[in-house]
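J.: In case you want the letters, here they are:
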Amino acid sequence: MEVTDIHPLVILFAAITTDNILLARFLGMCPFLAVSKQVKSSIGLGTAVVFVLTCTSVLNWIVYNSILVPYNLEYLQYIVFIIVIAAFVQIVEMAIERISMSLYMALGIFLPLITVNCAILGGSLFMISRKYTLLQTAGFGFGSGLGWMLAIVAMAGIREKMKKAKVVPQLEGPGIALIIAGIMALAFIGFSGVMKIN
Amino acid sequence: MSPPPASGMSVLKRMLWEENPVFVQILGICSALAVTNLVKNTMVMGVGLIFTTALSSFTVSALRSYTPRRVRMMVQILVIAAYVIMVKIFLDAFMPDISKQLGAYVGLIITNCIVMGRAEGFAASNTPGKSFIDGLGAGIGYTMVLLIIACVREPLGLGTFFGFRIEAIEEWTRWNVMVIAPGGFFMLAIFIWVARYVNEEIDRRARAGNNCDHHEPKKK
Chain A
-4 MEVTDIHPLV ILFAAITTDN ILLARFLGMC PFLAVSKQVK SSIGLGTAVV FVLTCTSVLN
56 WIVYNSILVP YNLEYLQYIV FIIVIAAFVQ IVEMAIERIS MSLYMALGIF LPLITVNCAI
116 LGGSLFMISR KYTLLQTAGF GFGSGLGWML AIVAMAGIRE KMKKAKVVPQ LEGPGIALII
176 AGIMALAFIG FSGVMKIN
Chain B
1352 MSPPPASGMS VLKRMLWEEN PVFVQILGIC SALAVTNLVK NTMVMGVGLI FTTALSSFTV
1412 SALRSYTPRR VRMMVQILVI AAYVIMVKIF LDAFMPDISK QLGAYVGLII TNCIVMGRAE
1472 GFAASNTPGK SFIDGLGAGI GYTMVLLIIA CVREPLGLGT FFGFRIEAIE EWTRWNVMVI
1532 APGGFFMLAI FIWVARYVNE EIDRRARAGN NCDHHEPKKK
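Chains A and B, in that order, give the protein sequences. Position 27 of the first sequence, counted from 1, bears residue number 22 in the numbering used here, the numbering being contiguous throughout. Just remember that the numbering used here sits 1351 ahead of the position in the second sequence, which is counted from 1.
It is worth saying that the hints were derived from the structure and are not from the lab. The beta carbon of each residue, even a glycine, is placed where N, CA and C say it ideally should be. Be a bit skeptical, because a hint or two may be false.
[Claimed, not checked] Cβ pair distances, simulated, as ranges: (1) 1524/B with 97/A: 52 to 58 Å; (2) 158/A with 1445/B: 49 to 55 Å; (3) 61/A with 1515/B: 41 to 47 Å; (4) 78/A with 1525/B: 42 to 48 Å; (5) 78/A with 1502/B: 35 to 41 Å; (6) 156/A with 1524/B: 31 to 37 Å; (7) 95/A with 1559/B: 56 to 62 Å; (8) 156/A with 1429/B: 38 to 44 Å; (9) 60/A with 1524/B: 43 to 49 Å.
Whole structure, please, built from the sequences with the hints as guidance.
T.: Listed below in structure tokens is the structure:
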């Protein structure tokens, strides 16, 4: 089956489960370990990631296919993608600040972090290397964002409960978080075989 | 972060162990996990990263007095992206197979927090020469950890090393879990555990050595 035949909805669900951008592809690990201590802040960051990831992968798809490909400039994709992402994040930050102060207070602090979140750039790079169509890209971007959010919120929930548990001192913090992430990744592997997208 | 030490050698040593980017600062582990199921890919990725961190630190530092503060981050990202493109083109030209396997992860060196972290945390306020060594140290420290993890994951998971079959463990049941994602998480966690334990043990020995000479420090 050709990649272009896969239904965008299938890609969306696969990106959440079998091909989870965090647990199967390891993207966005740094904020995942740093911000996953409280459910509330991880929901904030997760929402921001869903939004930015969806919009930037669609934007980058358009830029790549309508500007870079016709002029044979594919090798510039890294620079162009990162500029698009940084500019988009900046504009969204300014827009949110104007429109809704409360939303800005909730999401604002997470937005600058997002430019260097590898999940965002990774989403754009994966959709190029897998040759998705525009609709598929939208599904993939949205699904990846949701998958990332699901993982970080679940992780934060576990870590909130873990506070009372005793852990080997050397494993405290990132060490135990990685082990939990590993077990979560094992659970997500249970989905594999349900659908395949690449 | 501790104040930057004076000589080039101590800058290098600090980045290799005391402030190792992976297991002390927990930075840049996305690619640490993704590529370490094959030693060969890890090696290529590591060399690419050393090249990028060293040269981008050098460039950022050389440009630091001409860069306006407000666009500092943007300039750093562009410098890094330029070097990553060089790495990508080099890989495409000379090692097309590996380039294909690494795929998007080469591009993700751009957002690897180590590169950005060194550019922002050290190169933005130090001389080009020292920044170069600092970037080199960070890159080597990172690659070292990746290689250690890869050297465990590949033999256990695939029964090969550097792509060659190992005769001695021909009968070995492959641990598939080591090749896939969870193996990466577990190995890195174990590595952090051991590294921290060793660090604490060194500290305790040093302290015990100063206080009372002949007593071995008690283990926990």
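J.: If a hint holds in the structure, say so; if it doesn't, say that too.
T.: Quick rundown of the hints versus the structure:
no.: 1; hint: 1524/B with 97/A: 52 to 58 Å; result: holds (56 Å)
no.: 2; hint: 158/A with 1445/B: 49 to 55 Å; result: holds (50 Å)
no.: 3; hint: 61/A with 1515/B: 41 to 47 Å; result: holds (46 Å)
no.: 4; hint: 78/A with 1525/B: 42 to 48 Å; result: holds (44 Å)
no.: 5; hint: 78/A with 1502/B: 35 to 41 Å; result: holds (38 Å)
no.: 6; hint: 156/A with 1524/B: 31 to 37 Å; result: holds (35 Å)
no.: 7; hint: 95/A with 1559/B: 56 to 62 Å; result: holds (59 Å)
no.: 8; hint: 156/A with 1429/B: 38 to 44 Å; result: holds (43 Å)
no.: 9; hint: 60/A with 1524/B: 43 to 49 Å; result: holds (47 Å)
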